[in-house]
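Given next are the chains, with one letter for each unit.
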Amino acid sequence: MVLVIIVAITAFLVAEAVPALQADDANFLTETEWFPNQTPPEFGIAALAWGTLVTSVIALVVAVPVALGIALYLSHYAPRRIATTFGFVIDLLAAVPSVVFGLWGFTVFIEPVRSFSVWLNKYFGWIPLFGGDGPFGRSFMLGGLVLAIMVLPIITALSREVFRQTPTANEEAALSLGATRWEMIRTAVLPYGRPGVIASVMLGLGRALGETIALALTLGFINEITVNIIQNGGNSIAANIANGFGEAGEIGRGALIASGLVLFAITLVVNMAARAIIYRRREFTESAA
Amino acid sequence: MTAPAQTAPGRDPGLRGRRTPLLVLVGVAVVAFGVSAAICYGTGFGNWVLVLVMGLILYLVGSFFAINRYEGRRAARDRTWGALIHSAFVLALLPLVSVVWTLISKGTERLDLNFFSTSMNNIGARDPDGGAVHAIIGTLEQVAIAAAITVPLGVLAAVYIVEYGRGRFTLAIRFFVDVMTGIPSIVAGLFVLAFWVLIVTPWFNNGQPAFSGFAAALALSVLMLPTIVRSTEEMLRLVPAPLREGAYALGVPKWKTIVRVVIPTALPGIITGIMLSIARAAGETAPVLLVAGGSDAVNINPFENNQTSLSLFVFQQAGDASRFAPARAWTAALTLVALVLILTIAAKLLAGRNRLRR
Amino acid sequence: MAKRVEATGVTAYYGSFKAIDSINLRVEPKTVTALIGPSGCGKSTFLRAVNRLHEVLPGARVEGSLTVDDENIYDKDVDVTAVRRMIGMVFQRPNPFPTMSIFDNVVAGLKLNGVRRKSVLQDAAEKALRSANLWDEVKDRLGKPGAGLSGGQQQRLCIARTIAVEPQVVLMDEPCSALDPISTLAIEELMFQLKDLYTIIIVTHNMQQAARVSDRTAFFSIEKTGDPGRLIEYDNTQKIFNNPSEQKTEDYITGRFG
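As given, the protein sequences belong to chains P, X and C, one line each in that order.
Going by numbering that gives the first Met the number 0, the first sequence opens with residue 0, and the numbers climb by one from there.
Going by numbering that gives the first Met the number 0, the second sequence opens with residue 0, and the numbers climb by one from there.
Going by numbering that gives the first Met the number 0, the third sequence opens with residue 0, and the numbers climb by one from there.
In isolation and in its complexed conformation, chain P is listed as follows (with noise of 0.2 Å):
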């Protein structure tokens, strides 16, 4: 019944694709630009899936160090009640709608992340990251920081499940052979979790990959592939949907359902490349018992 579902999403998605693919004039590929409606149309999907991957990465490279160190400190350094209620803080923070985060996100975080670029361009400018003259705050930077903020919850709360599952006896063990409390974490913990915080972090990639409101509420929407992450502008491919749908005709509807297919093929490999790990590890961890 899945299975259908999945190939019938599959299925309907390309029926309707095909039809604006085939009226496109560029390469679909390769072209940055996104002009559907226009005659001939032209768009392609490179500048939009330059973004998705560039914002799902300032997102990972914050959020996995954060997210892992509060995961350590929740499941071996905190005392147990705090523990026990930020660990629901998490939980919580979890489902809390990602519009809610949109909305902070350009309203209230672009301030600090504006002042944060004018900084970064003036000090560190040379360097082609950080480039430009400006104007800055709806940038790539500020929309991976936003879901940086996002996906936190999740990879927090799948890897401190992960570090707590470490069996007692092994931390143990790695006492009793005098080791310090980080020396334990680094022969007892970390090894053990490994396989369960890759895919915790994979899966956080797939939300991050996927994120549309929150996006579409903070980048600038300048369709080009640049490596500048502090000038306005980037664009992602959900977000490009929830922004163009309103405006597109039949042919744009269909430039957009193609764009959303190529997402969805992307977080689908995401998606089982994590669950394969989490199986996989459940065998081994079965099977050791």
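Please keep in mind that the hints were generated in silico from the structure rather than gathered at the bench.
Every clue listed holds true.
To spell it out: a stretch of chain P is covered by chain C in this simulated footprint if at least three of its residues, at any positions, have a beta carbon under 8 Å from a beta carbon of chain C; those stretches are:
1) 173-180
2) 184-197
Between beta-carbon pairs, the in silico distance windows are:
3) L110(X) with T224(C): 53 to 63 Å
4) P201(X) with T9(P): 17 to 27 Å
5) R140(C) with G166(X): 29 to 39 Å
6) V226(P) with T42(X): 26 to 36 Å
7) I5(P) with I299(X): 27 to 37 Å
8) P239(X) with P180(C): 29 to 39 Å
9) P134(P) with N46(X): 17 to 27 Å
10) R72(X) with G150(C): 33 to 43 Å
11) T38(P) with T42(X): 55 to 65 Å
12) R72(X) with A7(P): 57 to 67 Å
13) P239(X) with S15(C): 27 to 37 Å
14) I299(X) with V60(P): 45 to 55 Å
15) G351(X) with G142(C): 40 to 50 Å
16) T107(X) with F123(P): 37 to 47 Å
The beta carbon of each residue, even a glycine, is placed where N, CA and C say it ideally should be.
We have chain P; now place chains X and C onto it with these hints.
Using the frame of chain P, we list chains X and C on its own:
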């Protein structure tokens, strides 16, 4: 083992370790933040935020060397990593506290009776009023329809997997259900758009695609189904086998055992899972945007004409140029978060009461 | 190598629950001392207090003094990691690190202590595995995962891992309870060899085992559930099993105790 005992090469630490005096650490902190402040303010390099960040980094480096000198490398590593882990925790709290604080301070601005009794119908850019009653109706209807579709389907699917399924086929189904939980909501929206709105509805709408609240409910169903199947399945698996075997031993047929024994035992857990997935669906914006179309007026009928939802309302007000729109957006966001959190907390409390435990 | 362990008024708590009450016990170097008694009598708790592992559980604490060659390991300025390095522990279930090879398991403790030189590690691993009577069985597959060994081999691997850091005292918490009789025998033989080098304290439920391997035996007991465990009698093993001074000990030894 006749060789002289060598606990650690190069040194025999004995039991008593030297402790780094607190004064030294305080000194390191003062120097670190002092240097940081001097650099930042002296050269105009940055403001107080940078002073804190750079000071913290300098302190971590400095304290590492100080502890290294007094207690050795291992203790230094241990304490520095511990400090890093604690700072990660504090760092993450900042934006989260900011989100909550903004939500409450800005969200209460329009938290009045008017907001919950009027819609955006005939509200112009210069009108300070306007409310979200149409959006609240939309959210409730869409979520209710989605739940009505997915709950029976999801529970039945889970019962099938647990009670009747076996072998590689079931494993494959479980795998794909898991994968489905990660499908982006916008893809689910596109699917219903392609299938329902663009292909099915034109048949009975004079060839025109029809946007509706029902279509949004369908999209939410696609998102809810896998999570409900998964959580129900896990709860059913927790029902102890002797309970089932006891019923079989009394000659009760299998389907009756499932309906009378297995499901009631797992019920609190199943409800928890359902509530969590409803909470998640209520917050989704993208699918509603694609297939319900959005609307400014109250539309009670989910099967005809455009509808909106709270999350979509937030999104549209956020993009609105009117200077009164942000306040409406925040109040709607607060309402939405309250709705979602109440559902989530209730679900968690129910889970805490649950007698079936892993 | 071996050191004397002396407990004076050791009392251990889990939160507000008192698990053992004022244990006084003196263990001589190069002997095997067995701790016996009914379930829940606090013998494992006492053992975990000896290498300060008890206190890692949330809310757990220890009062009293525990000296190793006249140095109190519960003094404020004592480094806990140094205590645990000096007092190794073998657990009830074999617990090799699941992600590590046999070799890495054995040298895990040495690596923690900063030993990096490959040759040193190799020598130490061989020495420890030989002392644990495991070398001949695993020398050809040192790179294989430790979890792939049989239960008895895994337990000897854990013993090798413990003695590789050259502790003074080795604690064993029911080391044979998860093993078959043949593996148990192998470990008991190993204990005879190891006591020439280490002070060994072993918790066991198996009274024949206590009688076979130990020089001295301590009998712990509780009045009823919820009461703290107490040391009832501590004497030479021969005396405890043949002619105990306490009625409770005799009841337990002869099986008249529940």
